[in-house]
Structures are given as structure tokens and as C-alpha cells.
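Chains as they are written, first to last, in the numbering used here: chain A, 139 to 419; chain B, 139 to 419.
These are computed hints drawn from the structure, not numbers from a lab. Just so it is clear, the structure is predicted and the values come from calculations on it, not from any experiment. Here a beta-carbon is modelled for each residue, glycine too, at the ideal position from N, C-alpha and C. A hint or two may mislead.
Examples of chain B residues lying across from chain A (beta carbon under 10 Å, computed) [stated by the list, open to error]: (1) VAL247; (2) LEU250; (3) THR251; (4) LEU415.
Cβ-to-Cβ under 8 Å is the rule here; a few derived chain B residues that face chain A [what the hints assert, rightly or not]: (5) HIS160; (6) ASN242; (7) ASP301.
One-letter residues, chain by chain:
Number of protein chains: 2
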Amino acid sequence: MRIIHTVREMRDYVRGVKLAGHTVALVPTMGYLHEGHLALMRRAKERCDVVVASIFVNPKQFGVGEDFERYPRDMARDARLAEEVGVDAIFNPPVEEMYPAGYNTYVEVEKLTEGLCGAARPGHFRGVTTVVNKLFNIVQPDVAFFGQKDAQQAIVIRQMVADLNMPLEIVIVPIVREPDGLAMSSRNVYLTPAEREAALVLYRTLQRANGLIMAGERSVPAVLTEMRRMLEAEPLATVDYVEIRDAGDLSVIDTIQGRVLVALAVFIGRTRLIDNLLVEV
Amino acid sequence: MRIIHTVREMRDYVRGVKLAGHTVALVPTMGYLHEGHLALMRRAKERCDVVVASIFVNPKQFGVGEDFERYPRDMARDARLAEEVGVDAIFNPPVEEMYPAGYNTYVEVEKLTEGLCGAARPGHFRGVTTVVNKLFNIVQPDVAFFGQKDAQQAIVIRQMVADLNMPLEIVIVPIVREPDGLAMSSRNVYLTPAEREAALVLYRTLQRANGLIMAGERSVPAVLTEMRRMLEAEPLATVDYVEIRDAGDLSVIDTIQGRVLVALAVFIGRTRLIDNLLVEV
Chain A
139 MRIIHTVREM RDYVRGVKLA GHTVALVPTM GYLHEGHLAL MRRAKERCDV
189 VVASIFVNPK QFGVGEDFER YPRDMARDAR LAEEVGVDAI FNPPVEEMYP
239 AGYNTYVEVE KLTEGLCGAA RPGHFRGVTT VVNKLFNIVQ PDVAFFGQKD
289 AQQAIVIRQM VADLNMPLEI VIVPIVREPD GLAMSSRNVY LTPAEREAAL
339 VLYRTLQRAN GLIMAGERSV PAVLTEMRRM LEAEPLATVD YVEIRDAGDL
389 SVIDTIQGRV LVALAVFIGR TRLIDNLLVE V
Chain B
139 MRIIHTVREM RDYVRGVKLA GHTVALVPTM GYLHEGHLAL MRRAKERCDV
189 VVASIFVNPK QFGVGEDFER YPRDMARDAR LAEEVGVDAI FNPPVEEMYP
239 AGYNTYVEVE KLTEGLCGAA RPGHFRGVTT VVNKLFNIVQ PDVAFFGQKD
289 AQQAIVIRQM VADLNMPLEI VIVPIVREPD GLAMSSRNVY LTPAEREAAL
339 VLYRTLQRAN GLIMAGERSV PAVLTEMRRM LEAEPLATVD YVEIRDAGDL
389 SVIDTIQGRV LVALAVFIGR TRLIDNLLVE V
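Isolated chain A, as found in the complex (with noise of 0.2 Å):
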């Protein structure tokens, strides 16, 4: 397995992998894989011969007083992890290399990224866009793989794809949990055995909620009532958002019905969790 630090050489490797007919996939992660990540990677090897698996805490998604500094880091290991799973090459490069003295552009997709984690975290999403448009440009990938634990952000990059007719695939993997329900995350490592114990509110919420739509509910502010006082009952836990969505546009609905996403955002001691479940009526 190839570490590529520049964009020049990743460029040049993409350049060798086509001129061979391979096809390329992309899996954009920010490091510190876990198990969704793998899942990510084991499609995109499934889907494509040649995978390159991009490991880069990207500055430009975090706001102020967010934990872009103490985001986990731990190259080492990734690097065994990806090559276990089949991995072919990590670009990891600099912040420097990423953004250079003088960079000055920015991809914003409007409307979608206005609610949901959009609301409370300004720019993050712009980031995003931002940081995937350059690794689309260059890696060059057929396709590109993204998690829907971030649900809202794999509806974004889909947009933003579309609309900038960037010529590639994106697929969307389902999140993958812990053994007792808790989503994967880089961030649970923040978590202290209470919190994490705590955290698993989250997916009860969401159990709950599918329980409720199962058995006939079809108003969205009973649903969300009920999801309200179940996390506001675990002393731990702080609501940023529960809402329920459109699945297609998240646009606000008041009925369940077709395609509906229920997510949720909530603070567990100081560390921010999302979690999501798409519920199909």
C-alpha cells in the first residue's frame, strides 16, 4: 500500500492506475478509522479495482472552539487498518498541501446545509464541500464512498456532484454500530465509560421513534415529543437537534410518509454524537 503526501504524486499514481483501465475509488475519511470506515472501504474494493482511502482532518469544516486540534490522530494504525482491508494507496497530505498560503476558493451548497448540523455548526458543511470538491479533482475517482451516519452530508455531496456535473458515482454505506447499538464514531473515543454508557440514547431514541412510526404514528410532533423527553430524561445528555425530514431533500415535513429521516444531534458531557435512522412508510 502506497502513503502519498503531495498532490502532484497522488495525481501521477491515478494518472498510472487508468492508463492500466482500472477503475478508482475514493473513500474520503478524516483518520482515526474505525469499523464504518472499513465497511466504506470493503464496498469500495468490492466496487472498483483500485481503492484510495483519503486520511485528512480537514481545518476548514471545524468552527471556532471546535475540536479540530484534538481530533483524534493515529496514522500508524490507520495505515494497517486500510491495508488489511484491501486498501491500495492513502493520500495524506498537509494541511499546506490542501491549502496553501493565498487559497481563497470555496463549493457552498445552499439550502440543504441550512438546518439539521448546518444550524449549529456555520461554515461546516461549506468545508465539506470544499475539501471533497478538491479530493474529487484530485484522486479523480469513478467512485466515491461516504457513511450515512452523516446523513445530511451525504445528501449534500450528492448536490453538490449533480449540480457541478462532477463526473463520478457517489454511494452511500449504512451506518454501522457498536455491538449495544451506539454508532461508530472517531469521537466516541472522547467519551468517558458514564458517557459512554449515557450515549446510548441516542439509538434508543431512534428505536423508540421507528417503534412509534412501526405502529401507525404519522405525526412528526408526537414522534419528536416522544424523542424529546426520552434524551432529556438521561441527565448526561444535552438536545442540539431532533428532527424528522424528507429523506430526499430534507425538507421540514409535519407527516410521515415515503422516505423519512430521523436524526438527531446531542451533546454527551462536551462531545457532540449524531445519529440517524432512514424509515421508509
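Based on the hints, put chain B in the right spot on chain A.
Below, chain B alone, put in the same frame as chain A:
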């Protein structure tokens, strides 16, 4: 010569061309072609095997109250002229093919777009970078050609390509002028005979600035004062801006040294014309 109206057909065309091992040039235009455009196309044909010219009057780069609706169009004439200089395909999509319902994504270059034409035309460059980004993704050219006439646009597009790591080269082609010095522009058609005569003040003023600098003047304010004096002496002219900037990064300068851009935008009657001169001392 092929005339193509859809993104899908454009992609198929380019895929075939690339599979055949040919290089591809793109010349983005808003049509109503003049010798300036044709110079870009000839340069493109010298450089690449296949030349695609896009003809698309991009609504997103026109401000409220600007001339989108009345911008001159003549597709039959454009097709004939393009074919004569060896263009292989024209990409001429309808507006809804480029901006379908629900379109939400914008590419923005900051700082470089703040002064000059960016000050007078808020949102203009955002519209330009967005459509050019799309055209690059649709056509995937090896080289794209732009005119020095739109000096700020050329610098902004170069920055976008560098910042977003777009895999192509940008070539800037010198201004083509009428025999009397007026820079070629599709908007020259708006001018009455008296305005056409008055419009010569743009080039004469640039020539005067060049003369002063060649004679040793190094003070930006001194040159600008003389330029304003000349422009204001023309009754049909209303100055939008007259500026001398660093030609590399458009930074504001007080002293003329190295490569500088002498740029102006002037209303002749109701028609806004721009022109510029690169000077190296």
C-alpha cells in the same frame, strides 16, 4: 461540426474523443462571436486535437437590472464562424439543462473578486466561477482558453483551478482590437455611432497611461489622475472604475513596479465597457 445541447451528449462525445487518444480544448463563451473569441478558438486548435466551444449566456453572472435578456444572440452565425476556425463541437445547453429545478451549488473565489468589476457587479464572479466549474466538469478539457479582455475573470479562474486542484491548464490570450483600438466585445453592438466614436476614449486613456509609465512615471495616483481627467473629458463617458493593480494577485499598489494591470470600466451611454493593459517595468 457537432452542436450539442445536453450534458449527457457532451460527456459521450468527449469520452469518445479521449478514448481515441485526442487532447481536448475548451473555449467558454457567451456567444455572439467576434474576432476575440475566434482568436481563442484558433489558439485552441493549434494546441489541441479537438476544440469544444461552449455558447451559453449564463444568467447567474448577470445582476438584477443588467442585460441578460437583451444580451445579443445569433446561434446560426456563431456556428458558421466557429466551424470556419476549426471548432469540432459547440456545447449550447438550454438554461434548465445547466440549472435544473432545485439547483443549489455555487463556487466562490474570495478576495480577488472584491474590487474592480466585482465591486460594481456583486455576484457576477460567483456566477462565472460556478458556470466555468460546471463546464470544466462536463467537458473535462486538457486546456481551456480565456481572453485577457476580462483580466479579473482570467485571474479568478486561474485561482479557482489552482485552489480546487482542477486537472487542466488555463491559457490567457491577448486582447483583440478593432483597427481603431476599441477592444472587441459582444456588447459593442449596443453602441450608437456617436457612442462608438466616444468609446475610443477607453483605449486612448490606456495608451496615455502606458506613455506616462514608459516615460518614467511610477506613481499610481499620478497616472490615475491623468486617466480620470481624459475619461471625464468625454461627455458620453461615465467612469465606473479606473485602477492600477498588481497583475499577479490584483493587490492594491501605490507604486508601479513589476507587472501591473491598468484596468478600467466605463459606461458609454448605457453600455458598460471594460478594457485593460498589462505593463511591465
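Going down the list of hints, with the structure as the test:
Look at VAL247/B: its Cβ gets to within about 5 Å of chain A, closer than 10 Å, so that hint holds up. Taking 10 Å as the C-beta cut-off, the interface hint given for LEU250/B holds, the closest approach to chain A being about 6 Å. A hinted interface residue such as THR251/B counts as satisfied when its beta carbon comes closer than 10 Å to some beta carbon of chain A; here the least separation is about 9 Å, so the hint holds. Checking LEU415/B against chain A by beta carbon gives a least distance of about 25 Å; that is not within 10 Å, so the hint is violated.
With a least beta-carbon distance of about 16 Å to chain A, the hint placing HIS160/B at the interface is violated under the 8 Å criterion. Interface hint at ASN242/B: satisfied, since its Cβ lies 5 Å from the closest Cβ of chain A, which is below the 8 Å cut-off. For the restraint placing ASP301/B at the interface with chain A, the shortest Cβ-Cβ distance is roughly 4 Å, inside the 8 Å limit, so the hint holds.
Hint compliance for this structure: hints 4, 5 are broken, all remaining hints hold.
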